[in-house]
Every structure is written in structure tokens, then in C-alpha cells.
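Asks: Sequence:
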Amino acid sequence: GIGDLYNFKLAPSLTLGCGSWGGNSISENVGPKHLINKKTVAKRAENMLWHKLPKSIYFRRGSLPIALDEVITDGHKRALIVTDRFLFNNGYADQITSVLKAAGVETEVFFEVEADPTLSVVRKGAELANSFKPDVIIALGGGSPMDAAKIMWVMYEHPETHFEELALRFMDIRKRIYKFPKMGVKAKMIAVTTTSGTGSEVTPFAVVTDDATGQKYPLADYALTPDMAIVDANLVMDMPKSLCAFGGLDAVTHALEAYVSVLASEFSDGQALQALKLLKENLPASYHEGSKNPVARERVHSAATIAGIAFANAFLGVCHSMAHKLGSQFHIPHGLANALLICNVIR
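Heads up: the sequence shown is residues 1354 to 1700, going by the numbering used here.
In short, the hints are calculated from the structure, not lab data.
Just to be clear, a hint being listed does not mean it is correct.
Stated by the list, open to error - Straight-line alpha carbon distances no greater than 25 Å define the calculated SDA-like cross-link-like pairs of lysine to any residue that follow: (1) K1594 x R1414; (2) K1569 x E1467; (3) K1405 x Y1570; (4) K1633 x K1569.
Said to hold, decoys possible - For each label pair, taking beta carbons as the anchor points, the in silico distance ranges come out as: (5) Q1627 x S1409: 16 to 24 Å; (6) E1461 x M1590: 22 to 30 Å; (7) R1431 x Q1627: 33 to 41 Å; (8) R1700 x I1425: 46 to 54 Å; (9) V1671 x F1439: 27 to 35 Å; (10) G1457 x K1678: 41 to 49 Å; (11) D1563 x A1456: 21 to 29 Å; (12) V1613 x I1425: 39 to 47 Å; (13) M1590 x R1431: 49 to 57 Å; (14) V1613 x Q1682: 22 to 30 Å; (15) Q1568 x I1685: 16 to 24 Å; (16) E1461 x K1408: 22 to 30 Å.
Just so you know, these numbers come straight off a predicted model, no measurement behind them.
Cβ atoms here follow ideal geometry from the backbone N, Cα and C, with glycine treated the same way.
Please construct the entire structure, taking both the sequences and the accompanying hints into account.
Replies: Structure (C-alpha cells):
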């Protein structure tokens, strides 16, 4: 059972050593005792030789049109925007398409992404990409549109790839056997975040659910890191209190787990601590005052991205592992699931 908690019904993990339902590792049959042996786990060390993030990160209020100008000057001619129906109906996609169309860039919008994106929806989006043939894909939204866009990107770049072979536990990102295909040949990936929590705009992770079986497929490879992240706080000024709270608590958990990770480095530590500082000082005001305190909203928005960079390199821990299971079982927001667990995990 503990194996499945970490491994999403996949083969044994080379990192944790425990497969679904206690499967064999390469050396021995690994059980729960190996995972709760604090002395062993705490002393485990990895040489972290890199710290990776998108090539460009645009931040501050009003940075969206400036970032899009770079897209235009780079010579892109066909842009596919991937978002959800709410953002599309409320004009968020128009803020992108209006700028691009004025510069002569052809645009297409796929807005059928739902919470916890499914394989059928992702494949539908990939079919649109294959017919439209974009040279840039722009993910607009929170974690779900970004997960969907990243996987559509893979299917568009490499339609011959066996999707299941790419599925990988997040912590095994440095130990894969199956080489992840080269990305960015047909299209670049740009992520525009409209929530302050997931950090997906700067991470190499994506998760999709097979709606036929209910099985979740996690993809993890730095090839999935967006080429550009746009963190414009103007897009979160009207964010409701619940989304502010759950996203903020998700970011807090990202920063905490990245900081205490056995894979943390002096690079990720600085980002995790700065994210926690910004969240401690600004999250309550962002929640209570909303758009009346744009500075607090902006700093929380930045903190979520900074925490995303930290955990993209240091990775997460048992709180997130359990939160994913808790959320999928009881259909509660991911940030709330983290909030319910983090104090007990720390204790």
C-alpha cells in the first residue's frame, strides 16, 4: 500500500526501492520499514550538479504584453493557446490572442481542459495541434491547463512515442532508463499562470488521468520545462478567496518540502526560504484584502513561482505524495489536501 502511495501503480522505484503494493526493487523485497527508517533516509545523499529553470521568466504586473512581444520578435507565426472554459469565457485568452493577432500571428484556442486533465481531452488537443501545426504552444491557467498543454506538446512533437513508457515517478527524474524525446523542434512552450500556487509554469512535471482506467500517469523530465514563464499578477487580482487560500497553502508546502528535501542544495534553499518569507508576509493580506492590496497579491504570485523553481530542483516529500491520493479519492482541492496533512507530516 505504501508503494502505491508513492508510485502511482508503476514498477518499483529506483529511488524509493518500493513498487506498487510492495514490489521488488533491484536488490531485495522492499517493505514499509525501509521507507520509515528515518536514519537511513536522512543520510541518503545525491550529488546535485545542476539547477534548471525556464530560459525566460517575466514577472511584475503588466508583463504579459511585454513577454508576448518577445514571442512576436522571435518570429513565431502560429500560436495554440491551451486553457479551460472559465478562462476562455471570461476573456483571459483574449488578452493573448488580441496582441498576437495584431502582429499577424495566427491563433487557435483549445479550451476544453478540465480539472485533473484526462487522456481523452489531451488527445483531442493533440489532434488540433497536429492539424493547426503551431510553432508555439501557450498554456494559460493553473496546474490543469499546464499539465494538459505539456502532454499535448509531447504528443505533437512525437506522435510515435509510446506515452506509457514516458510515465515516471517524480523523484526518479535523474535515473530514467527510457530516454525522453527531444522537445521544442516543432514548437516552443510558454506558460502563463493565472493562479498563485502550483508553480507548474516553471516545473518539469505533468500528470494526466486515463479516463478509461482511472490510472494517473506522471511525466517528469526537464524537457517538459516551459521555455518561458509569464507571471503577471494582473491575471490574479480577481482570484476568489478559496483559490487564493488553497494555492497559497500549496506554495507553502512546496517551499517547506523543497527546503527539507534530501536533494536540496544551496541554490534551492535560497529560493525556498525567500518564497516562505514572501508568503508569510503577504498571504494573509492577499487573502483578506484581495485586489485592494495589489502588492500582496503580486508578491504571493511571485512566491508561488519561486517555490516552484525550488521544488522543481529539490523535489517534494511525503505530504505531497499523500495529498495526491487524498485529493483524488475524495475530490478535494490539492492545496486543501496539503493543508490537512502538512502539520502532521512536520510533527
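Asks: Next, verify each hint and record whether it holds.
Replies: To see whether the hints hold, each was checked on the structure:
A threshold of 25 Å between alpha carbons decides the hint, and for K1594 with R1414 the separation of about 20 Å falls inside it, so the pair holds. Of the supplied pair hints, the one linking K1569 and E1467 holds, its CA atoms being roughly 15 Å apart against a limit of 25 Å. Annotation: proposed proximity of K1405 to Y1570 holds, straight-line Cα distance about 23 Å (limit 25 Å). Of the supplied pair hints, the one linking K1633 and K1569 is violated, its CA atoms being roughly 33 Å apart against a limit of 25 Å.
Taken as a hint, the range 16 to 24 Å holds for the pair Q1627 and S1409, whose Cβ atoms sit roughly 20 Å apart. Our hint of 22 to 30 Å for E1461 and M1590 holds, since their Cβ atoms are close to 27 Å apart. In this structure the supplied range 33 to 41 Å holds for R1431 paired with Q1627, their Cβ-Cβ distance being about 38 Å. A hinted range of 46 to 54 Å holds for the C-beta pair R1700 and I1425, which are about 51 Å apart.
At about 32 Å, the beta-carbon gap between V1671 and F1439 stays in the expected band of 27 to 35 Å. The hinted window of 41 to 49 Å between G1457 and K1678 holds, with their beta carbons roughly 48 Å apart. Our hint of 21 to 29 Å for D1563 and A1456 is violated, since their Cβ atoms are close to 39 Å apart. About 42 Å separates the C-beta atoms of V1613 and I1425, a value consistent with the hinted range of 39 to 47 Å.
Between M1590 and R1431, the C-beta spacing of about 30 Å breaks the proposed range 49 to 57 Å. Taken as a hint, the range 22 to 30 Å holds for the pair V1613 and Q1682, whose Cβ atoms sit roughly 26 Å apart. For the pair Q1568 and I1685, the beta carbons lie near 20 Å from each other, so the given range of 16 to 24 Å is met. For the hinted restraint 22 to 30 Å between E1461 and K1408, the CB-CB distance of approximately 24 Å keeps it satisfied.
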